[in-house]
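Novice: Chains as they are written, first to last, in the working numbering: chain A, 17 to 337; chain B, 151 to 433; chain C, 151 to 433; chain D, 242 to 498; chain E, 242 to 498.
There may be inaccurate statements among the hints.
Claimed, not checked - For lysine-lysine, the following BS3-like pairs were computed, each having C-alpha atoms within a straight-line distance of at most 30 Å: (1) 459/E with 211/A; (2) 495/E with 489/D; (3) 268/C with 228/C.
Said to hold, decoys possible - One-sided excerpt, in silico: chain C residues whose CB lies under 8 Å from chain B: (4) 204; (5) 356; (6) 357.
Calculated directly from the structure, the hints in this document are not laboratory data. Values in this document were obtained by computation on a predicted structure and should not be read as measured data. Yeah, the Cβ is synthetic: ideal placement off N, Cα and C, and Gly gets one too.
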Amino acid sequence: KPQSSEKPNEENANEDVPKEVRIGYQVIPNAELLAKQLGSVEKKFPNTKITWLEFDSGRDVNTAIASENIDLGLVGSVPLTTGIANNLPYQVYFIHDVIGDAESLVVREDTGIESIKDVAGKKIAVPFGSTAHFSLLTALNKAGIDPNQLSVLDMQPQDILAAWQRGDIDGAFVWHPTLGKILEDNGSVLLSAEKLAEEGVITSDTGVVQKKFADKYPSFIKEYISVLDESINLYREDPKKAAKTLAPALGLTEEQTLQQMEGLIWLDYSEQKASDYLGTNEETGQFANVLESTGQFLKDQAIIPSSPDLSTYQSAILHLK
Amino acid sequence: MPLNTYDNQQAGEAPFISLKDMQMEYQSGSKTLRVLENIDLDVNTGDFICVLGPSGCGKTSLLRIIAGYENATSGEVKIDGKKHKGPNADIGVVFQQANLFPWLSVEKNIEFGLKMKKLPKSERKRIIDHYINMVGLTEFSSLLPHELSGGMKQRAAIARSLATEPKVILMDEPFAALDSITRQSIQEQLRELWKQTNKTIFFITHDVDEAIFLANRIITINGSPGTVTLDIENPLANKIEEASDYRDLKGYNELRHLLINTLKNREAPLSQNLIKAKIAAAE
Amino acid sequence: MPLNTYDNQQAGEAPFISLKDMQMEYQSGSKTLRVLENIDLDVNTGDFICVLGPSGCGKTSLLRIIAGYENATSGEVKIDGKKHKGPNADIGVVFQQANLFPWLSVEKNIEFGLKMKKLPKSERKRIIDHYINMVGLTEFSSLLPHELSGGMKQRAAIARSLATEPKVILMDEPFAALDSITRQSIQEQLRELWKQTNKTIFFITHDVDEAIFLANRIITINGSPGTVTLDIENPLANKIEEASDYRDLKGYNELRHLLINTLKNREAPLSQNLIKAKIAAAE
Amino acid sequence: MKKKYIPPILSISAILGVFLIWSVLSYFNAVNPLFVPSPMKLWEAFTIILKEGYKGNPLILHILDSLFRLTAAFLLALVTAVPLGLLSGYSPSIRAIFEPFIEFYRPLPPLAYYTLLVLWLGIGDASKIALLYLGAFAPLYLSALSGVQKIPQHRIQAALSLGATKWRVFSHIIFPSSLPEIFTGIRTSLGFTYTTLVAAEMVAATSGLGWMVLDASKFLRSDIIIVGIFIMSILAISIDACVRLSEKKLLPWKGKE
Amino acid sequence: MKKKYIPPILSISAILGVFLIWSVLSYFNAVNPLFVPSPMKLWEAFTIILKEGYKGNPLILHILDSLFRLTAAFLLALVTAVPLGLLSGYSPSIRAIFEPFIEFYRPLPPLAYYTLLVLWLGIGDASKIALLYLGAFAPLYLSALSGVQKIPQHRIQAALSLGATKWRVFSHIIFPSSLPEIFTGIRTSLGFTYTTLVAAEMVAATSGLGWMVLDASKFLRSDIIIVGIFIMSILAISIDACVRLSEKKLLPWKGKE
Ligand SMILES: Nc1ncnc2c1ncn2[C@@H]1O[C@H](COP(=O)(O)OP(=O)(O)OP(=O)(O)O)[C@@H](O)[C@H]1O
Ligand SMILES: Nc1ncnc2c1ncn2[C@@H]1O[C@H](COP(=O)(O)OP(=O)(O)OP(=O)(O)O)[C@@H](O)[C@H]1O
Ligand SMILES: [Mg+2]
Ligand SMILES: [Mg+2]
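Assemble the whole structure, with the sequences as input and the hints as a guide.
Specialist: The structure is reproduced here in structure tokens:
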């Protein structure tokens with residue numbers, strides 16, 4: 017069990033330090049991955065065993081949270097909405113990144129698709145249940161296209177790549193590294209998450225924490241956030257160096273890494289406390305509203321059966337003193 | 151009309167197996183098939199009984215009831231004066247097919263019953279050696295059953311039954327699967343063994359010659375449902391050994407015809423005295 | 151020393167099957183096992199030959215060579231004067247186990263060979279009806295083999311072999327699996343059939359009585375490798391029918407002893423004349 | 242007499258018992274409904290997808306889509322694997338040519354080569370059917386092969402002695418003789434193919450029972466997952482029952498040779 | 242004499258032929274190397290992962306991790322399924338209690354319930370082993386059951402007539418008599434369990450052969466996928482050969498009763 021012993025430790029000072037913390041991360045160029053690469057989490061908590069577990073979808077992170085296998089995790093805002101709607105016992109403590117160019121709708125150059133209106137009748141692939149899925153559906157909705165007018169295919173990124181190479185699909189809403197690879201192969205960006213964000217359709221990758229863990233070790237989270245903040249500062253000061261550190265984890269060159277990092281917006285914790293995002297105890301942030309509208313949209317699209325009201329989303333955001 | 155002309159040799163002793171007015175029925179689907187009827191039979195210690203009868207008359211059923219594998223539908227089945235308590239080591243059985251345990255060597259097969267009796271190891275060894283020698287398998291004691299010929303398997307099965315020293319041995323056409331030469335030699339061995347040990351043997355066969363050669367008492371079962379139609383002492387029993395070929399013995403042909411005709415139901419069953427007279431006349 | 155005392159009944163005709171100095175060897179691993187040696191044998195049209203021999207002497211091997219399933223290692227095997235061309239419809243075979251095609255009804259099984267011959271449907275029907283009636287299975291013609299008893303299966307197999315009208319029928323202990331009463335009746339039928347049709351039959355058995363009852367010519371094979379040790383006319387062949395029990399016939403016991411002793415190799419093989427004399431003396 | 246009723250009664254009691262415990266636990270909220278939804282909730286989920294379908298397609302369409310893929314793959318396997326297996330049993334040379342490849346792929350987890358199939362055949366039904374086909378192929382091939390090998394030699398000899406030619410032996414003896422084994426192979430093959438159904442519907446599907454369960458798992462819909470599982474199980478048991486029934490009809494002599 | 246060498250020669254020729262065609266096509270770039278990498282490239286990929294491992298873990302560790310999961314699951318299944326199967330064969334009541342549940346889950350695709358297993362047992366080895374365990378369980382159970390049912394009645398009666406008690410019949414007759422069937426079940430079970438290996442390593446694994454292939458497919462590394470497939474196949478064939486060998490040693494009487 018993660019929370020180590022239930023009984024209080026002998027030494028008062030150590031009361032708040034967990035013996036082991038299990039972090040479910042995903043390979044996305046953000047501050048958490050940077051901190052992992054630098055080993056700064058381990059440095060910060062010398063008395064805690066840090067276990068990193070790699071996940072490749074928000075679905076598995078949700079499942080791992082539900083089965084209490086991880087304490088901290090990273091999920092996209094859409095799986096997060098699904099999780100909250102299913103009463104998963106977790107709270108958002110951090111926004112790792114707001115998705116910009118890093119998730120885009122790419123179409124083949126030879127299909128003649130020039131605007132979102134042209135996708136009717138085409139084959140567009142997207143991993144279902146992901147932020148990209150949500151972005152695609154929202155974009156279609158905004159353009160007044162019924163998803164039934166085209167075929168939206170449920171595919172994992174690697175399958176998208178394979179299908180693209182074979183010419184089986186006309187376009188895909190997907191993230192890196194698949195995004196980079198299909199762009200190189202006669203792909204052009206039709207629409208990006210950044211563009212949608214400008215229209216108020218925000219998608220992001222969030223850090224979630226097991227509720228029990230948050231109640232028990234608030235100061236750990238605080239300090240973990242400070243580690244993330246350090247990473248963000250490092251990136252801001254020396255993006256090249258950050259890219260160099262991340263490149264091996266992504267299996268890319270430094271330039272490619274840097275390019276991908278630019279597709280994501282990194283916010284430090286103080287920025288996140290603004291009312292546009294997480295907010296504070298006193299002033300509720302807009303992020304809960306984003307989640308609420310995401311949930312509402314998913315429900316309207318009959319993707320999830322029901323979405324809770326705003327207060328549920330609000331209480332799923334952790335405000336640290 | 152069952153006919154019981156056999157006069158008890160050891161009239162003083164109580165019979166070891168005793169069936170009284172026994173009936174046997176099988177349920178097949180919704181139909182009831184009566185297989186045996188009005189069976190009255192006493193088996194005495196030391197008897198070598200051969201049971202003859204046409205196919206399907208209920209010989210095997212009778213044996214299974216005595217072995218305790220099946221319960222009679224009605225009537226009394228007593229072993230040693232007590233109600234039958236199911237299959238047990240007092241009643242040995244040798245089946246038509248040798249039926250050895252295929253994962254045990256000849257030796258281990260014979261040891262099985264002794265282990266069940268919880269005899270100490272040295273004792274077991276002694277008994278195994280004795281019986282394995284008796285059936286002439288000493289050289290083959292460590293072979294597995296599938297490495298033996300049909301006759302060898304059957305001999306091992308007999309040794310296995312004997313080793314536990316049951317009070318009676320039931321045999322269901324044990325030699326039917328053997329070729330005629332092996333068969334003859336194993337018949338001779340069984341006869342010898344019976345003489346030496348004075349075991350009680352209940353032996354089913356459909357071969358009239360086999361019955362004449364082996365038994366000191368011959369029973370025929372007939373009809374449907376089967377009943378005991380003849381139960382006689384074998385008049386040739388004591389002369390078999392002396393003769394070079396028992397088929398040349400006086401009275402052999404008469405006995406043979408009598409048995410065959412009884413089996414075919416052509417001749418009315420005769421009384422024991424009449425049979426004796428007939429055979430005597432032939433001599 | 152092979153001994154061939156049989157004098158050809160139809161000396162004018164060439165024998166249908168003719169083996170000359172035939173040897174048979176099996177390769178088992180690196181060893182060579184010689185099974186048959188110096189076999190000289192002529193089978194004439196109309197013969198009913200019974201082959202006797204102890205287990206393993208090579209009877210089945212001989213039959214398989216004649217059937218064309220196996221090639222002799224050396225020597226000559228001629229059918230109808232020509233080199234053997236493999237199994238074909240001229241040489242019918244009846245196996246020890248009935249060996250019917252389990253997915254075909256009795257009727258269809260019998261039809262199989264006729265279909266292979268590409269006979270027209272009406273013709274097939276006629277032949278099937280004839281043979282199915284001959285073996286007494288008319289009522290059971292549409293049953294599948296697994297619905298028949300052992301004896302019925304064997305009869306169907308015989309009908310199947312006969313229907314294609316082979317020139318010779320080879321039978322390998324066809325009645326070994328039957329109980330004695332069924333066996334006796336089917337033996338009688340086979341004998342009858344042979345008389346009616348004058349078919350050539352080559353019949354393997356290990357039962358001396360069966361050979362005496364059926365054959366007009368008896369061959370014994372002995373030793374290892376097996377050779378023909380006796381080849382005689384059956385002196386009782388013509389008297390069998392008249393007698394109520396052929397075992398009561400004069401000469402029966404002598405013939406029986408002769409055969410058994412030859413099989414046991416106790417007595418030196420006799421010449422045909424000596425045998426005739428011996429049997430005549432007994433009469 | 243009454244003894245024969247005991248087992249079915251026990252079976253039914255065991256099933257009811259589990260349902261009861263499940264209902265009671267659910268009722269008192271003793272288990273997280275996310276892990277084990279209550280029977281009531283399952284029933285609701287079932288009636289909803291029955292009425293409204295799942296993600297735009299009616300339930301029956303999901304079932305039919307899956308069945309179509311299964312059937313197509315299975316029939317394809319039947320008409321290729323069985324003749325090849327029979328020929329392999331008849332001719333050691335043919336067997337020698339094909340067997341190394343079959344033995345090579347046979348033990349592989351289908352998911353290991355699925356990506357390759359998608360690369361080769363695309364994302365349409367072709368790759369899905371190919372995956373199921375490969376699952377169905379090996380058991381059918383092996384059963385036909387072993388069917389031929391188990392034919393008693395004397396049966397073939399009997400046919401030859403009745404005048405059959407080599408080709409007639411193949412069509413009239415080898416084939417019908419192998420049918421019982423082939424039927425066993427059909428059941429194994431269908432069973433194995435069925436277990437790869439979900440894997441086959443992982444890529445680029447938007448219909449099918451397997452896809453439904455996978456999609457539900459993305460949205461933590463344990464109720465739909467479990468309903469899907471029930472439907473799959475019932476479907477599989479029905480398919481197997483049909484095969485068994487037709488086996489009994491077609492091969493009354495099976496096991497009684 | 243020479244005839245018996247023909248089939249192996251044909252097998253080897255067939256394999257070499259395929260390699261040759263493959264090499265030639267690759268050499269002339271007739272096929273997209275993404276779809277079918279050249280044999281050379283595979284060999285390179287193999288030597289690299291042999292020397293440097295794959296994603297931080299040496300190749301042997303991937304193999305051992307997979308083997309550990311397989312073995313743990315299989316042994317667990319062996320010690321539970323076999324006794325339960327034997328008991329079910331011996332007592333119709335026990336069978337009646339367990340069979341509905343086994344029949345229910347048996348035909349299910351493992352991926353259908355994998356999400357539930359992860360929810361219940363977490364993302365660690367527990368859920369992976371459970372998935373493999375369920376795959377291994379049913380064939381073992383069924384084989385033990387059918388093993389008991391195939392024991393000739395007269396064998397049990399013989400034991401009783403030799404003085405065996407009911408319990409001794411179970412341990413001394415039922416168990417050894419069922420061993421041949423159980424061994425067949427072991428082979429089926431191992432084969433089936435093996436095919437779920439990749440599925441079991443789909444969630445939150447960072448080692449194992451299955452994970453390696455899946456991870457490689459994320460980056461479309463066809464070379465690694467195919468190398469992984471080769472390793473898996475060779476491993477499976479070796480495992481099966483071991484089982485067959487020990488079967489021959491332990492049960493010389495199998496098939497010759
Ligand atoms: N378990 C059973 N259920 C129903 N009927 C049975 C059963 N066992 C035997 N029968 C029937 O009982 C009758 C007698 O069978 P049994 O085996 O005792 O005959 P048998 O005299 O031993 O014959 P055989 O000489 O052929 O062995 C037969 O008609 C048989 O079909
Ligand atoms: N295919 C074979 N390979 C090797 N040896 C064989 C083969 N067939 C028969 N034999 C051997 O040849 C010998 C003669 O066998 P065959 O079957 O001809 O005897 P048989 O006289 O028919 O015996 P039985 O009366 O027992 O049927 C035996 O020792 C047997 O082991
Ligand atoms: Mg009987
Ligand atoms: Mg023979």
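Novice: Return the numbers of the hints above that this structure violates; sort them in rising order.
Specialist: none
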